[in-house]
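6 protein chains.
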Amino acid sequence: MRILLINPNTTASVTETAAAHVRRLIPAEIVPATGRFGARYIASRAAAAIAGHAALDALAAHVAGCDAVYLACFGDPGLLALKEVSPVPVVGMAEGALHLACTRGRRIGIVTGGVLWKPMLTEFVAMLGLTERLAGIRTVAPTGGEIARDPDAALDRLGKACRDCAEIDGADVVVLGGAALAGLAERVQPQVPVPVICSVEAGARAVIAAAGLAAGRPAAPAVESVGLSEELAGLLGR
Amino acid sequence: MRILLINPNTTASVTETAAAHVRRLIPAEIVPATGRFGARYIASRAAAAIAGHAALDALAAHVAGCDAVYLACFGDPGLLALKEVSPVPVVGMAEGALHLACTRGRRIGIVTGGVLWKPMLTEFVAMLGLTERLAGIRTVAPTGGEIARDPDAALDRLGKACRDCAEIDGADVVVLGGAALAGLAERVQPQVPVPVICSVEAGARAVIAAAGLAAGRPAAPAVESVGLSEELAGLLGR
Amino acid sequence: MRILLINPNTTASVTETAAAHVRRLIPAEIVPATGRFGARYIASRAAAAIAGHAALDALAAHVAGCDAVYLACFGDPGLLALKEVSPVPVVGMAEGALHLACTRGRRIGIVTGGVLWKPMLTEFVAMLGLTERLAGIRTVAPTGGEIARDPDAALDRLGKACRDCAEIDGADVVVLGGAALAGLAERVQPQVPVPVICSVEAGARAVIAAAGLAAGRPAAPAVESVGLSEELAGLLGR
Amino acid sequence: MRILLINPNTTASVTETAAAHVRRLIPAEIVPATGRFGARYIASRAAAAIAGHAALDALAAHVAGCDAVYLACFGDPGLLALKEVSPVPVVGMAEGALHLACTRGRRIGIVTGGVLWKPMLTEFVAMLGLTERLAGIRTVAPTGGEIARDPDAALDRLGKACRDCAEIDGADVVVLGGAALAGLAERVQPQVPVPVICSVEAGARAVIAAAGLAAGRPAAPAVESVGLSEELAGLLGR
Amino acid sequence: MRILLINPNTTASVTETAAAHVRRLIPAEIVPATGRFGARYIASRAAAAIAGHAALDALAAHVAGCDAVYLACFGDPGLLALKEVSPVPVVGMAEGALHLACTRGRRIGIVTGGVLWKPMLTEFVAMLGLTERLAGIRTVAPTGGEIARDPDAALDRLGKACRDCAEIDGADVVVLGGAALAGLAERVQPQVPVPVICSVEAGARAVIAAAGLAAGRPAAPAVESVGLSEELAGLLGR
Amino acid sequence: MRILLINPNTTASVTETAAAHVRRLIPAEIVPATGRFGARYIASRAAAAIAGHAALDALAAHVAGCDAVYLACFGDPGLLALKEVSPVPVVGMAEGALHLACTRGRRIGIVTGGVLWKPMLTEFVAMLGLTERLAGIRTVAPTGGEIARDPDAALDRLGKACRDCAEIDGADVVVLGGAALAGLAERVQPQVPVPVICSVEAGARAVIAAAGLAAGRPAAPAVESVGLSEELAGLLGR
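Chains as they are written, first to last, in the numbering used here: chain X, 1 to 238; chain Y, 1 to 238; chain V, 1 to 238; chain L, 1 to 238; chain C, 1 to 238; chain A, 1 to 238.
Calculated from the structure, these hints are not laboratory results.
When chains are identical, the list treats them as one kind, so a pair holds in a single copy or across two.
In silico SDA-like links for lysine to any residue, alpha-carbon gap of 25 Å or less:
| no. | residue 1 | residue 2 |
| --- | --- | --- |
| 1 | Lys118 | Leu134 |
| 2 | Lys118 | Glu132 |
| 3 | Lys118 | Gly129 |
| 4 | Lys118 | Arg238 |
| 5 | Lys118 | Val88 |
| 6 | Lys118 | Leu80 |
| 7 | Lys160 | Gly170 |
| 8 | Lys118 | Gly237 |
| 9 | Lys160 | Glu186 |
| 10 | Lys118 | Pro221 |
| 11 | Lys118 | Ala222 |
| 12 | Lys118 | Asp164 |
| 13 | Lys118 | Ala233 |
| 14 | Lys118 | Thr131 |
Quick caveat, the model's predicted, so the values are computed rather than measured.
All chains should be built: construct the whole structure from the sequences, respecting the hints.
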């Protein structure tokens, strides 16, 4: 199986971290792609809105020959737009990790980096229809980008946030979200009394599970466009 | 009062139609802006995702000197992202029209062009928290773009959809949504037993009402970016 | 434009305060009306139930010649009943202020005087369908009536309540509710890190915005009655 | 046990019908009271708003010496206001009948007379928090008042509405609502494949069940008033 | 009236406590039945799942000649299954007590023994559709079984939990839940500022209220089974 | 990986059908287990309540040496109870299939055999918190057991139900639910315009995805019991 892993921010080292983590866990070929334009790290609604465009742009450029697409940014910018135009199944990191987490606990906690993600993820969980399963969302001050540059400095803050999800919010499973946090779940786990799930791994497992099922996608109407990459214009104009 | 009217699709004639309609109704200076890139008409999630970026791009280029921003696309692509970074109040066409419609009826119907808008608007209404007020959403097959090119051909279909909102869905007010449908509400009204509201007008009235109140906006963290317009990069990096 | 401003409690000085505040802000003729019977200040469900009748009674007596009705009591007693029988648009103070506040922030806080208002407003917000937008409702011990008599004594308590809405409840905009609190928002604002909206002003702006749209009202069936004012009996019996 | 049965409309014959029906079924002394002012029959929001005042007025006049209050109008105008000031338990006809119906079926249908009741009851059910249990509300054109004057003429229409609740809406129990419809449930039952509950009887059974439990009521703050009956002013001013 | 009181756990002394408490309050013949298999006390989902089977088994064995069934375990294991196959009305202890409590207060608190009951009751309340009425659920560490063996030791903890429901969660009525807690409500009441309702008594009152109404039950299809008691196999195979 | 596949009804041939289907698709060792007691097919709440006990009984008897448990009955009787006491992850067939389906479509349709399953599955979907994602549930008259005995006879009815889910209810993916329907999805697919998912396969894929993640389970308190199998008593009493 060949999976297109799209990191819709513009920092290639985050793409590589996530792809390497997935390659260690999943028996599939991983094709990494990084956003061509937009914020270095996505930590605001404006950056996420631009990233939705960048993710479409990346999908149009690289999807040929792939069996599935892994939108590997926790918060899944442009998720439904990608599903609309993609010729193969698309699963988002937060989407996949949260649905899988639901089979491991009744009430899900989410911990990630960047304080603006809390309202954005609250709405994302509502869009998935999973609000009732949500125990709470806790963010730590450093963004994913800052955590990626110095993970050790963030471990205690992440551990405390996960613990508070369990002990204060009542979560019985916690998703540690973010491509930049790949692999930190197992390091944080000893500080937390409930299972901590790595969003990069869980999302990848959900991609594998979903990709195997029979495909099918809504047919979006063709539309003319201007100022887009040739591939994206082609995808919209089909 | 000086209002930046952003049409985030790339068809300048739609911008002019909406701006002209607003100028007739509202005693304010209207500064029109059209998306620099993206679909000619927005009638799918992919087009809307790109339009969110285009709307940010337009705001960054033209907001200086304006007192408020009117995001004049029914469906409001990028609405919360624009509110996040704008130095002045931003109101979306669907947002403003729907909140105003709530004061005129208990249960709101929505009619617009383009069949893919139904699920998109269903989620948009949920994001506004107004689902309980929604009687139903009905779309007609021609998109806003097609209706703009030949409004007469669409009048009966729009009238029937509005009537069905009232008689089948139980709406006691109907919003006729879409920049390309500016001015059609009064032409459709004779066919419909409940008030039909023009989204372009109602949204503009909501901009005026909201703009007068004391301002305030969340401070988004500065973030470095690549590949964006200079103005948009500046807005994100502040 | 000629607006009937109904204060459904029986304290004429509150009516005058609200009318004067609106006249300063809104270019419209204001026709003030005070409830003929009921509680001096509305701070309980029983007082509000009686005020619904008093508001209908005032509308029947004074609506002739007006273009719109402003039900100027935060909590809007009798709102839907007035809309049902009024020949012109009716907007309530809480209704209008809350819908307008929704365009200025994602999560709305409400602060008012009188501890019994909290459950009453909780249900009112649910009736508007805006529960999901509500960050929290906080009341201070003095009722609107007591605050009207000595506003300076209440400023700090109101400021603290608004601040708690922002800092504890997560509101990004706060509505300071109550006819008796007209004009206090700007005095409280310096103590609060998010915008504070004056319900009297915001409600009035919503009246103006709504009144301009094409009218339409449900036709209530005529019903015979006893023991009511001649005008109200006439309105019901039409 | 002595129960104050308040009919908040102004038609004494409806009070007598309901009281007689209750007396046949319930071993308690029934003290009937009719509204002093307001509509002859309650079939609109305006009439219901006035009836809330009239019900308070009746409670103030007659509650002395009673053990419980039965607000015997399906739709329960003023219910929470009465609970707020009453020295003894208050149960509304719709409130009691619906909660009892919930123990007899998963999904509840409601049938009553007067087309404007549908939105009013929809909101009432939401206020009770029972929306999820509601299969549907169906109204017949004649109002309760008209049905009371000629019940035979309405039986088939009521039967059809109850049947549609079961067969189309999926109700597994139907509440036939309205003081004026006392006793019609057993006459309609043969036409309906699921149990039909008489709201007058079910509400009365709920009064008995609730009245026996230990009392307790919220303490409303005293408030001065004008233009009310001496007893009601006394109740508010305590 | 003859009521089958089913205690679906396997501790006969709890059955006797509940039956004796009901006999003191309700003028009906009480036929007690205890689960033939399963946990001594029900304080987990596994024990509750087994108890659903045991309750069906008891109903099949003892319902003949009874007019109604009282499923006397707070949490009502198997409630809808019993309603499905029973020839007479079935009311659960939590079901009946909570619906009755709704007529006594707007927001209901629940206090019971056994920490695992909190998520179970949260879901049960949701299944009843009463989530919006719920102020909070608080459990004390000893299970119902432990409280039954030494009620005096638990009084202060129960009192504190009820008080917290009122003062922190905002409950205006509290249900003290559990067959093993029969009669403790009146002993806890002096410590609590809002009414405390005994679930055993309130449930029994709801059984009486519901049993008097006309019956009717869904017809479950007959199904062959193995390994069940002869009576239960007969009930399923009818 | 060694997976315990529990069929909680008492028909061993259904267990074998499901196990064989899973073995063809999933590279894992499947240990099949059939309920020791209860209904031959589960098509009512009573049968499902007994099956919850039977599933616990089977888990206690056979879980030793397994890495995960697949509760292979669509409707997942006893799901949360099994999760509570199991030493390894447990995923239910409906749980797993529905969460996976959510990544393939916005609105999920469900088709299964046995008319009583509709309300049961409606509540199950609500318990999962996925109600908002549900387009509709349609059942065909033959039960799973009857379909298993003669699948060809049911294909057209199943196809029509799936088609109605898509065309009338608006589903963009349909789950064909039931152990007895293993393998029918691909045969039904040609009649349906949206993807049809086999619940047996999808559930198994979800088991694999979930089982790989780090484990963790709530610790249920030990409880004494009577009349249960030695293994189940041991599991509860640990």
